[in-house]
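S.K.: Read off the chains here:
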Amino acid sequence: MSYDVAIVGMGAAGLQAAISSSRKKAKTIVMGRSEDSALHGAEVENYFGVLRATGKELLNIGMEQARSFGAKLLQEDIIEMSSSEGAFRLLSDSGTEIEAKAVVIASGIMRKKLKIPGEKELFGKGVSYCASCDCNFYKGRPVAVIGAGSEAAVSAELMTHYASKVYWVAEEVDASENLREKALNAGAEPVSSPPKEIIGDDKVSALVLEDGSELEVNGVFIELGARSTTDMAMDLGVMPTPDGEINVDKDFSAGVEGVYACGDITGKPWQVAKAAGEGGVAGEMAAKYARGL
Amino acid sequence: MSGNTVTLTDNNFDSFIEGNPLVLVDCWAQWCKPCHMLTPILDELADEMAGKAAIGKLNVDENPGISYRFNISAIPTMLVFKNGVMQEPLVGVRPKEDIKKYLQSKM
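Which chain is which? The protein sequence lines are A and B, in order. All residue numbers for the first sequence refer to this note's numbering, where the first residue is 385 and numbers rise by one. All residue numbers for the second sequence refer to this note's numbering, where the first residue is 11 and numbers rise by one.
If we strip away everything but chain A, and leave its shape as in the complex, we get:
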């Protein structure tokens, strides 16, 4: 399907961008999972006009508002973004393909660390947060991929092309059926006990699980949450900062024509007021750009 504006992220920034964009008569789609938004589990009492509300309530109202102005909502994670000749192409974890004239990145900040013993100590010595960067170093060696979402599913499948054995450690897989099947069909072995500790002296030698068992692995890939948007943004020519943030100008342009960013991904403070404010401007600017106004 073809749209004027595609918005990645269904939190306060993404939904406000969708409201503003569709009110400017741009054909708008917003993608992501609202329950992944940092706002989803929050209590809000510091946002103008709202005495007290749960984040979930605000998100539900925001989704209804966005729909009422004509925006389409798709509760799927984006796993690929590309651009060619002024058009952007986005692919979701369920295989939905979207084309758009402008993209708004409003996907928030992802928690990347697992916080188990050995993770910090063995980082760079077998612990990695980037399977696509480090896959080549694990040719013919056993590895574990930890994470339940699309990032882990894609990484587990990727690692089957390199490693001698791939354990996919996830208590309850959250990735789409499509990505889950791909990883399992490629040979990744599912492990449902949560990880407890990564052990090794100078190099990773095993991953200890909560149930007391040990996986003998040389690599542990920690791939939590949905696919990293900052990683995908690079495919559009946007260069994130080392902190994983995207720098924007006053119009919330991310430095590449037709690409905008707003919300937590542009930096602190991680507040709903900032996210919504930025989303409002980014959505309007993206709509104007897409419609040639």
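Calculated from the structure, these hints are not laboratory results. It should be emphasised that the depicted structure is a prediction, and the values quoted were computed from it without experimental measurement. Even glycine gets a Cβ: it sits at the ideal position worked out from N, Cα and C. Hints may contain errors.
[Unchecked claim] Computed far set for chain B versus chain A, every beta-carbon distance over 12 Å:
| no. | residue |
| --- | --- |
| 1 | 14 |
| 2 | 17 |
| 3 | 23 |
| 4 | 29 |
| 5 | 39 |
| 6 | 49 |
| 7 | 70 |
| 8 | 92 |
[Stated by the list, open to error] Just a sample of chain B residues kept apart from chain A, beta carbon distances all over 12 Å, derived:
| no. | residue |
| --- | --- |
| 9 | 25 |
| 10 | 31 |
| 11 | 61 |
[What the hints assert, rightly or not] No more than 30 Å apart at the CA atoms, straight line, and that leaves these computed lysine-lysine pairs for DSSO-like:
| no. | chain 1 | residue 1 | chain 2 | residue 2 |
| --- | --- | --- | --- | --- |
| 12 | A | 456 | A | 652 |
| 13 | A | 504 | A | 549 |
| 14 | A | 566 | A | 580 |
| 15 | B | 43 | A | 497 |
| 16 | B | 111 | A | 652 |
| 17 | A | 523 | A | 499 |
| 18 | A | 408 | A | 440 |
| 19 | B | 106 | B | 92 |
| 20 | B | 110 | A | 587 |
| 21 | B | 62 | A | 497 |
| 22 | A | 496 | A | 672 |
| 23 | A | 496 | B | 110 |
| 24 | B | 106 | A | 499 |
| 25 | A | 497 | A | 652 |
| 26 | B | 43 | A | 523 |
| 27 | B | 106 | A | 504 |
| 28 | A | 496 | A | 523 |
| 29 | A | 497 | B | 110 |
| 30 | A | 652 | B | 92 |
| 31 | A | 580 | A | 549 |
| 32 | B | 92 | A | 634 |
| 33 | B | 43 | A | 634 |
| 34 | A | 587 | B | 92 |
| 35 | A | 652 | B | 43 |
| 36 | A | 504 | A | 408 |
| 37 | A | 587 | B | 116 |
| 38 | A | 409 | A | 456 |
Knowing the structure of chain A, use the given hints to seat chain B on it.
M.R.: Chain B only, in chain A's frame:
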């Protein structure tokens, strides 16, 4: 690439380490996206720290010998050498100020 950043290979690596009192070597690969985030930072550092620290870049795909010798299993990894002796490497993308402070602490 900055004029002060030196492209290293398996062949010129050792002479570069021996020829400079303080060296940072960025181990990277073309397909590693986070590695590209470091490039402009290191180019700036190479200029700012010219005469104090030498900055080199080593493509791990094209130079497996050095990658193997230093047991590199993640990129980007920045190897740091003081008077030829390897220091604790910096793994992953780091802010420019962190890298600069680390190098200054080794002066």
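S.K.: Look at each hint and say if it fits the structure.
M.R.: Hints versus structure:
| no. | hint | in the structure |
| --- | --- | --- |
| 1 | 14 | holds, 20 Å |
| 2 | 17 | holds, 20 Å |
| 3 | 23 | holds, 18 Å |
| 4 | 29 | holds, 26 Å |
| 5 | 39 | violated, 8 Å |
| 6 | 49 | violated, 9 Å |
| 7 | 70 | violated, 8 Å |
| 8 | 92 | holds, 19 Å |
| 9 | 25 | holds, 26 Å |
| 10 | 31 | holds, 25 Å |
| 11 | 61 | holds, 25 Å |
| 12 | A/456 <-> A/652 | holds, 29 Å |
| 13 | A/504 <-> A/549 | holds, 24 Å |
| 14 | A/566 <-> A/580 | holds, 27 Å |
| 15 | B/43 <-> A/497 | holds, 19 Å |
| 16 | B/111 <-> A/652 | holds, 23 Å |
| 17 | A/523 <-> A/499 | holds, 27 Å |
| 18 | A/408 <-> A/440 | holds, 26 Å |
| 19 | B/106 <-> B/92 | holds, 19 Å |
| 20 | B/110 <-> A/587 | holds, 27 Å |
| 21 | B/62 <-> A/497 | violated, 35 Å |
| 22 | A/496 <-> A/672 | violated, 35 Å |
| 23 | A/496 <-> B/110 | holds, 25 Å |
| 24 | B/106 <-> A/499 | holds, 25 Å |
| 25 | A/497 <-> A/652 | holds, 19 Å |
| 26 | B/43 <-> A/523 | holds, 20 Å |
| 27 | B/106 <-> A/504 | holds, 21 Å |
| 28 | A/496 <-> A/523 | holds, 24 Å |
| 29 | A/497 <-> B/110 | holds, 25 Å |
| 30 | A/652 <-> B/92 | violated, 37 Å |
| 31 | A/580 <-> A/549 | holds, 20 Å |
| 32 | B/92 <-> A/634 | violated, 43 Å |
| 33 | B/43 <-> A/634 | holds, 27 Å |
| 34 | A/587 <-> B/92 | holds, 24 Å |
| 35 | A/652 <-> B/43 | holds, 24 Å |
| 36 | A/504 <-> A/408 | violated, 47 Å |
| 37 | A/587 <-> B/116 | holds, 25 Å |
| 38 | A/409 <-> A/456 | holds, 13 Å |
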